[in-house]
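Position chain B relative to chain A; hints supplied.
Number of protein chains: 2
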Amino acid sequence: MPRRIVIIGCGVSGTTAAFQARKTDRTAKIVLLGDETLPEYSRCGLPYAFSHIVPSLEALIGYDEAFYEQMNRIDLRLGLKATRINTEKRSIEATRSKDNSIETLGYDTLVLTTGARPSTVPIPGSDLKGVFTIRTMNDVERLTNHLVENNAKRVAIVGAGLTGSEMAEALLQRGMAVLEAEIVPEILPVILDPDMASIIRARAEEHGVDYHLNSTLEEIVGRNGRVSGIRISGENYPVDAVIVAVRVKPNTELAREAGIVLGESGGIKTDERMATSAANVYAAGDCIETYDRITRRHIFFQLATTAVRQALVAGINAAGGNAEYPGSTGVTTVKLFGLEVASFGPTTTVSEKLGLHPVSVRVTGSTRLPYYPGGKDLTVKLLADPKDGRLLGAQLVGEEGATLRANLASMAGHLGLSVEEFEQIETCYSPPLAPVWDPVTIAAQALLRKLQTSQAAKSRPVTTVEN
Amino acid sequence: MPRRIVIIGCGVSGTTAAFQARKTDRTAKIVLLGDETLPEYSRCGLPYAFSHIVPSLEALIGYDEAFYEQMNRIDLRLGLKATRINTEKRSIEATRSKDNSIETLGYDTLVLTTGARPSTVPIPGSDLKGVFTIRTMNDVERLTNHLVENNAKRVAIVGAGLTGSEMAEALLQRGMAVLEAEIVPEILPVILDPDMASIIRARAEEHGVDYHLNSTLEEIVGRNGRVSGIRISGENYPVDAVIVAVRVKPNTELAREAGIVLGESGGIKTDERMATSAANVYAAGDCIETYDRITRRHIFFQLATTAVRQALVAGINAAGGNAEYPGSTGVTTVKLFGLEVASFGPTTTVSEKLGLHPVSVRVTGSTRLPYYPGGKDLTVKLLADPKDGRLLGAQLVGEEGATLRANLASMAGHLGLSVEEFEQIETCYSPPLAPVWDPVTIAAQALLRKLQTSQAAKSRPVTTVEN
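Chains A and B, in that order, are what the protein sequence lines are.
Under the numbering used here, the first residue of the first sequence carries the number 500, and numbering increases by one thereafter.
Under the numbering used here, the first residue of the second sequence carries the number 500, and numbering increases by one thereafter.
If you're looking for bench data, these hints aren't it; they were derived computationally from the structure.
Owing to the predicted nature of the structure, the values given are computational and were not obtained by experimental measurement.
No residue lacks a Cβ here, since even glycine has one placed at the ideal position from N, Cα and C.
Possibly wrong hints are sitting among the right ones.
Claimed, not checked - Only pairs whose alpha carbons sit at most 27 angstroms apart, straight line, appear in this in silico DSSO-like list of lysine-lysine:
{"hint": "1", "chain 1": "B", "residue 1": "K522", "chain 2": "A", "residue 2": "K949"}
{"hint": "2", "chain 1": "B", "residue 1": "K580", "chain 2": "B", "residue 2": "K522"}
{"hint": "3", "chain 1": "B", "residue 1": "K949", "chain 2": "A", "residue 2": "K522"}
{"hint": "4", "chain 1": "A", "residue 1": "K875", "chain 2": "B", "residue 2": "K875"}
As the list claims (entries may be wrong) - Here are the in silico distance ranges between beta carbons for each label pair:
{"hint": "5", "chain 1": "B", "residue 1": "K875", "chain 2": "A", "residue 2": "S555", "range": "16 to 26 angstroms"}
{"hint": "6", "chain 1": "B", "residue 1": "T643", "chain 2": "A", "residue 2": "Q951", "range": "43 to 53 angstroms"}
{"hint": "7", "chain 1": "B", "residue 1": "R795", "chain 2": "A", "residue 2": "E919", "range": "20 to 30 angstroms"}
{"hint": "8", "chain 1": "A", "residue 1": "K652", "chain 2": "B", "residue 2": "H706", "range": "41 to 51 angstroms"}
In isolation and in its complexed conformation, chain A is listed as follows:
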């Protein structure tokens, strides 16, 4: 009898797991459940479809339904929401959104790719018309309609992380005025130290973003059931819509109710084979906690890149193969207001909280030699653990070249290289393409000197005074 593989959730993780399961087991019966009515689409692309850089929302859809069913014999069930897992009986229950009918599906192996959902804010007015989160295509459609119908001119964004920042730029591109409120003192606090984030903030302010940092969101103000303003730290600002982009929470209810163990982070706990605590149940993507190779803890990364690699492993193993996911450095990139912004590893604040007390340097170099036209400034911050000299993190901001250089530094982090080992990695040069000494190398050299100085200071012998 063919193996029955059920996959719950048809975002990029579920889809990847399904295709990989098919490659691993040509005869398995594979069922892929999605509670939305659309097949997988790129959530990361939503801000760009909103701003019309991508011509339509539909362009974000990865594959049409025929590709699943006819080309890969994947039984794609859309509009079907899993509501219960019975790990004893190896079955799940699911509710059809069309008619609320309930269906039971048996499995030999199950993959949970239930994703995550955005948080809302527990303040007065958060249920008004005109308050949005940005997670689904439907969210963006509703936002767009609201802005058009109300002839909107001003939008407030709550949260200045990745999604909030991308939406700020997209809204400006659509001619809106943008106010962005953030509870902490600087934007992009998860991926950057404040000294690096301030470079992007300065650029965003030039483009017109009105930031309210260190601020307390007190109320979303309404008129006739519809957003008319926002009160931040005691001040009222008139706005036509509010986008809440504060934090994404893993969808773990289904797993938890089935007795599947969650980690301290709140995500589903898995081993390296992406196996959960329940026999024959695997999990991957935004619903799980991921092993962070740098800080050696399990945390909640919200990255498509970790999701697809985990899903690949889960799909192989659910189909009878054997693969392992080694964990991630959390390497991330985003383009904001003409700047590439990329990083891996914990920020200085997080490092300090973990007792790592990093040594760091910040260097601004150029992506070309001075004589060659078109070189761009690239600011690189590197963090190291002074105990063992290991590279802990990199943060890069510049008009070009940050993304791919973050990969290079992140590879060093992945492998646990010391700054000294990383500094020895040669990079290639040609006048139109790259400088002789890469800005990342220059930063590594500076960090190495700083580490050696701090090491020398520590190992200096205590002078005993003799009489």
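Okay, now just chain B, sitting in the frame of chain A:
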């Protein structure tokens, strides 16, 4: 008494060694000899100054003389050619080009950064007016003058390596017709396999380069002592100038005559500290042979990036410090006709000659997801050693992103990673910047499958037939 450091050769190696020696020993007396009359300038920039992308030849000069003398107390002696080293007496003799007077300089440590020089071709006509090599600023000035004075319209280039290819593009940009002759069947044979190089050749041909591959250069034809044509494989082609760009040879005469050991490659032999066989004599840059970490032999790299790293080490050690150079992967990049071309490691042909019998794949991916505008094709070829699965080389060609991705692959090569280990390195993604699965990762995945298949084929047990 202060340490006396003498450095022979003031290209980028000599200059780097001098500055690093100064940083290492604040009181040393540092003498830097250059046989040209100009301080260090970027040789790699010459084609771009010729084509006027860089506004002038002078723009290529790294630092003015005051920066050496006043800022760094380096005694820069230009137009002074070292002619003899006496390693017993620790002294050198040098001839002043101005008046042929001879000077003797004593040293405590000596650094040889004598560089390399282009080869000429041993055929009739190679001494005609209008035959050039491209190594010095003076070469480019003479070429430019010749083209202008003779109202030149057609130029032949002998050799389709890096310099020949860069000059072909530069000549086209100056409105010349370009014929390029190469003895082997495909262009860029040192850094690329023919299947990769043909992508660039097709593009160059669209731009108008007239290639003569697999060809024999028989004669440079002259009229009134001046180039009027070139005979290749029995055919005559009228040209107004010939650029010979076939091979760069290390300048080792000075070292050899002093009894300093050369390696099999013909370059000066050094250890990891860049020490030569003579006591207190170091060497770096184009005049030495470099440890190739991939093929584990000493070969002759012609890269500014290896030169400066070696020179840094030589400068530190010559000044009493202690540093080591770990060898190189030979990672190289060049921009040709709008394409980034980058590689590290031996080509398939060289690998075969070394008995490595590599397994390889070639993959064309995109630098963006399909839905995001502006993504460019990137073709990636990866080579692995089937014996141990080690990544042996990478070759990348595309309109963007080849250079920095070559660094990533080269880092794997530097560290001796297997394809399996390299494939696990996560890369970052954002719609405007990079795809979820990087083309390099996709190539690594394909290569891993191919390695596993070939491994499985080998380990399959021999079937014994039973009756």
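request  = May I ask which of the numbered hints given earlier this structure violates, with the numbers listed in increasing order?
outcome  = none
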